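Novice: Listed below, chain by chain, are the residues.
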Amino acid sequence: MNLFVDAFFLQAGYNAALVAIGAGLLGFAAGASGTFPFLRKRALISDAIAHATLPGVGLAFVVMVGFGGDGRSLLGLIAGSAVTAWIGLLVIEWISRRTRLAEDAAIGAVLGVFFGIGIVLLTVIQAMSAGRQAGLESFLLGSTAGMLFQDAIVIAVGGSLAVITTWLMRRPMTLVAFDSDYAASMGYDVRRIDLLMMGLVLSVTVIGLKLVGLILIVAMLIIPAVAARFWTDRSTSMIWIAGGIGGASGYLGAVLSASAPAMPTGPIIVLVAATIFIFSLLFAPDRGVLAALFRHRGFQARVHRRQGLLSLAAQHPIRETYTLRLLAREGLVRPDGVPTDAGRAQAAKIARDERRWDVAREFYQDAGLTGRYDGLTPIEDVFTSDEIAEFDRRLGPPVTVRGD
Amino acid sequence: MSRTTQPEIASELGHAVGPAHAPRDAALALQGLTVSYSEKPAVFSVDATFNAGGMSAIVGPNGAGKSTLLKAALGIIPRLSGEVRVFGKLLRNARAHIAYVPQSASVDWDFPTTVLDVVQMGLYRKVGLLGRLSGQAQSQANECLDRVGMADFAHRQIGQLSGGQQQRVFLARALAQDADLFLLDEPFAGVDAATERAIIGVLKLLKNEGKTVIAVHHDLATVRDYFDHVLLLNVRRIAEGPVETAFTTENLQATYGGRLAATHLDELAVADGGR
Amino acid sequence: MGAEFVQLSLTPILIGILAAIACALPGNFLILRRQALIGDAISHVVLPGIVVAFLLTGIISAIPMLLGAAGAALVAVVLIEVVKRLGGIEPGAAMGAVFTSMFAAGVLILEQSDTSNVHLDVEHALMGNLESLVWLRAEGWHSLLDPTMLATLPDELVRIATVCAFVVVLTVIFWRWLKISTFDEGFAQALGIPATALGLGLVVVAAIAAVAAFDAVGSIIVIAMFICPPAAARLMTNRLEHQIGWSVAFATLSAVLGYILAGYGPLWFGAQGAVSAAGMIAVVSGIILGVACLCGPHRSRVGVARKAVA
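Heads up: the protein sequence lines correspond to chains A, B and C, in order.
Each residue of the first sequence is one higher than the one before, counting from 2 in the working numbering.
Each residue of the second sequence is one higher than the one before, counting from 26 in the working numbering.
Each residue of the third sequence is one higher than the one before, counting from 363 in the working numbering.
Calculated from the structure, these hints are not laboratory results.
Computed from a predicted structure; not experimentally measured.
Be a bit skeptical, because a hint or two may be false.
Keeping only pairs whose Cα atoms sit at most 35 Å apart, straight-line, the calculated DSBU-like set for lysine-lysine is [stated by the list, open to error]:
id, chain 1, residue 1, chain 2, residue 2
1, A, LYS350, C, LYS446
2, B, LYS65, A, LYS350
3, B, LYS114, B, LYS65
4, B, LYS114, A, LYS42
5, B, LYS229, B, LYS151
6, B, LYS114, B, LYS151
7, B, LYS65, C, LYS446
8, B, LYS65, B, LYS151
9, B, LYS114, B, LYS232
10, B, LYS229, B, LYS114
Covered stretches of chain A (in silico footprint by chain C; criterion: 3 or more residues with CB under 8 Å from a CB of chain C, positions within the stretch not fixed) [said to hold, decoys possible]:
id, segment
11, 21-32
12, 188-198
13, 255-265
Ranges of calculated distance between the beta carbons of each label pair, as one might list FRET restraints [said to hold, decoys possible]:
id, chain 1, residue 1, chain 2, residue 2, range
14, B, LEU154, C, ASP517, 30 to 38 Å
15, C, GLY563, B, SER159, 47 to 55 Å
16, C, VAL437, A, ALA80, 38 to 46 Å
Ideal Cβ positions, reconstructed from N, Cα and C, are used throughout, including at glycine.
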């Protein structure tokens, strides 16, 4: 526990502190940038972009070694991975536009094939440079061990640029994400904006690749945005909430990992984010599952109650057991389905409400008012008491039916 | 053509809620049907009886739940409450009697299949999962294509069809089912005049053969010409009955709220004698 | 091409072909239903499945690992549905959230558990080891006719052959349901076809194929096999029946060419050793898809594309 507290306040060693800050910044950038692909309903393009970096990493390695370097320079890897990931993006776009294949097929194809190219390159490199270690594993899972201060700078600068660009371009990107046809009709270059969105994802991906690895950067691009969705309906708030969740996950994850032996950083970060996501899914006040469950139960009860009372008013037998149980619990019917006095009174009240609504619709053709009648809203909620008195005056005493 | 066989019930209610038991000759009987998406009812407590041999329209403004009603009646989407009976039977026992023509926009027309293939899908209930499509079945499919005027298109890929042609193919598919009750979702939406004539021609022939046709219909101007029975829907059942008595200005106003100009209504609706 | 071929190359090529076909068949329907990326999800959750199976059983043996992988695939599919329905999240994001979390959990457990005794090779799990699935006991082509020899075939071949046969049989049996409900789900339901259960069944079968193919080509490459041959086939024809045929042909071609190029390609360039067969198979399938995109007779979109509803 002490170790955790130390790590939390960046007192657990230079490397741990660096990783925590770097992960926090990266998480923030990933969360914010991942918001718009999520809204655009192409969250998994992040996966394709991430997998398409592998050939670039391999090529960059080969080139750097060829020029006499050691092949592990972060900037070199970033450059290489960015190039092939960008090509992958363009291929996805080309396939979706030029052929009858849908976008998901294009994404999956690029993902698998580019990764395959990367694997082939990797085996070539392993054969060439006998005994080189930094192979697939660190690419996939990241390696925090050798993190340098300049790596943190790269993350900080790159991440900040990504976040700032996301914020500045939030209006066009929201428009395109919500309704690209409308955006086009307003004169926006939808293609450019889409490429910008994906370009931001690409930047965050290549920056974070070394630290958390391929699979996990994809998690940071998707999970915080999904979690943020449960807390707000406005895209601008989503950017900051997703960023916050991402940043918190990054920081907490790194801290947790530093405070326990042999806990790999990347997976812990993702699992922290996943926990926040599950919490949001279940407990968010408006859109969370529990809140929706309560609302639905209440709604269902209201519907059945009203239908039950209407049946009573029309002297029809109620056949659904749920309705009978509901009404019996309120003391409105006896167990055999015969209405009690209280039940009869309620039924008459509901029936009156129905008739008042009929009259209201006749005289108030304003769809806004009568549109509020969804079968459940009592008339007292929409009209004033003197308006209702006017309806009653027209209704008069109980009348026989209209010809229908 | 009375909708109910029971006397109307005098009560606090201004209109009858519906018969307690569905009449035995009803092709489709809905009772208390409620469907909701999240917390808003899309269709609330709808009672409706469609007699056998009738040609009925379901009309209402956008968002009134017309397609939802149809899909819930077919069991394609779940209902919150209410009962559905087809020729007096439960839905799952009556599937052989029903043919459904969905909106043509609901399908990916780039799917790799030919026109004839689509029509043969209608023969499914006869051949089942594993049965062979006999030569007789093939010719039946061709005959259905002929009835909608698409016999020459049998081997064309469906993506090459126009909107009207797509609608005709869907109708041919329904014809191949040899059903007694036809449920169509906006069959005339987005089709050309020739197709509209062709479709209504086929539907009238079906009615003459004693089949029942129920269609969600978007064009109020043609209700009186095409249909003899109408259900006016706006989340709730506003009115239902023979076109002469139910398709009135008053009912249309109640259904559409303020969305129809008064003069327009007078053209569309049946003249209200004595009002 | 005598005894050496039969000993060293025949079984890997056969396994590759069968794995590719087993994945391509369900892939045809997945891409028509816009569910192609479920293959991505499945291939990522295979790792945690294997890790958990290893932990529970303590042994590295095929059956527990395959069961673990299949179990993980099922768990993933269920969780994805839960997130989609309860959370109202679009399918791609739901998949991404679930499989990356599961993958992270798998890696965590892997790193945490003491694997000093047995080394679960991450690279192997992801890339497969097709090249080593050899049949050293064989003596030549005649061994194929010798029952005692056949008993020494690598287990992986028997497994993938069984699964491939299973997938083929299911495709044939449920053909009509698959075709009708993929084209028009509402109509299928009105006919009484259990379209929802069928959709779930399709994903489960795809998961089984992925798990079985995992032996041969590892988990990540499987997604290329789900998508590239059927996608290329889609661009070649307008008949579903022919599309299936083309996808099997392309899958076979990818497997054969990929293996040969991986094994012999470097030699042609004067280099030693081989490159990853799994990677090469994916690359070849990609090249085939690329050529189809450029020259396939039915590559253009006809009519208005429907928005994804998967």
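Novice: Take the hints in turn and mark each one as holding or not.
Specialist: Status of each hint after checking the structure:
Restraint check for LYS350 (chain A) and LYS446 (chain C): not satisfied, since their Cα atoms lie roughly 41 Å apart, outside the 35 Å limit. Distance hint between LYS65 (chain B) and LYS350 (chain A) is fulfilled; the C-alpha atoms sit about 23 Å from each other, no more than 35 Å. Between LYS114 (chain B) and LYS65 (chain B), the direct Cα distance comes to roughly 29 Å. Compliance with the 35 Å bound is thereby established for this hinted pair. At most 35 Å may separate the alpha-carbon atoms for a hinted pair to count; LYS114 (chain B) and LYS42 (chain A) exceed this at roughly 43 Å.
Between the alpha carbons of LYS229 (chain B) and LYS151 (chain B) the distance comes to roughly 25 Å, so the proposed pair stays at or under 35 Å and holds. Proximity of LYS114 (chain B) to LYS151 (chain B) is assessed by CA-CA distance (about 20 Å); at most 35 Å being required, the pair is judged to hold. Proposed proximity of LYS65 (chain B) and LYS446 (chain C) is supported: the alpha carbons are some 20 Å apart, at most 35 Å. For the given pair, LYS65 (chain B) sits about 40 Å from LYS151 (chain B) by alpha-carbon distance, which is inconsistent with the 35 Å threshold.
The hinted pair formed by LYS114 (chain B) and LYS232 (chain B) meets the criterion: a straight-line CA distance of about 21 Å does not exceed 35 Å. For a cut-off of 35 Å, the pair hint linking LYS229 (chain B) to LYS114 (chain B) stands: about 26 Å separates their Cα positions. Only when three residues or more bring their CB closer than 8 Å to a CB of chain C does the claim for the segment 21-32 of chain A stand; here the count is 0, and the claim is violated. For the segment 188-198 of chain A, the proposed coverage by chain C is not satisfied: 0 residues have a C-beta within less than 8 Å of a C-beta in that chain, short of the threshold of three.
Counting residues of the segment 255-265 of chain A whose beta carbon lies closer than 8 Å to any beta carbon of chain C gives 3, which meets the minimum of three for the stated coverage. Separated by about 34 Å at the C-beta atoms, LEU154 (chain B) and ASP517 (chain C) satisfy the suggested range of 30 to 38 Å. A C-beta distance of roughly 28 Å is found between GLY563 (chain C) and SER159 (chain B), which places it outside the suggested range of 47 to 55 Å. Checked against the given bound of 38 to 46 Å, the beta carbons of VAL437 (chain C) and ALA80 (chain A), roughly 39 Å apart, stay inside it.
Taken one by one, the earlier hints fail for this structure at numbers 1, 4, 8, 11, 12, 15, listed in ascending order.
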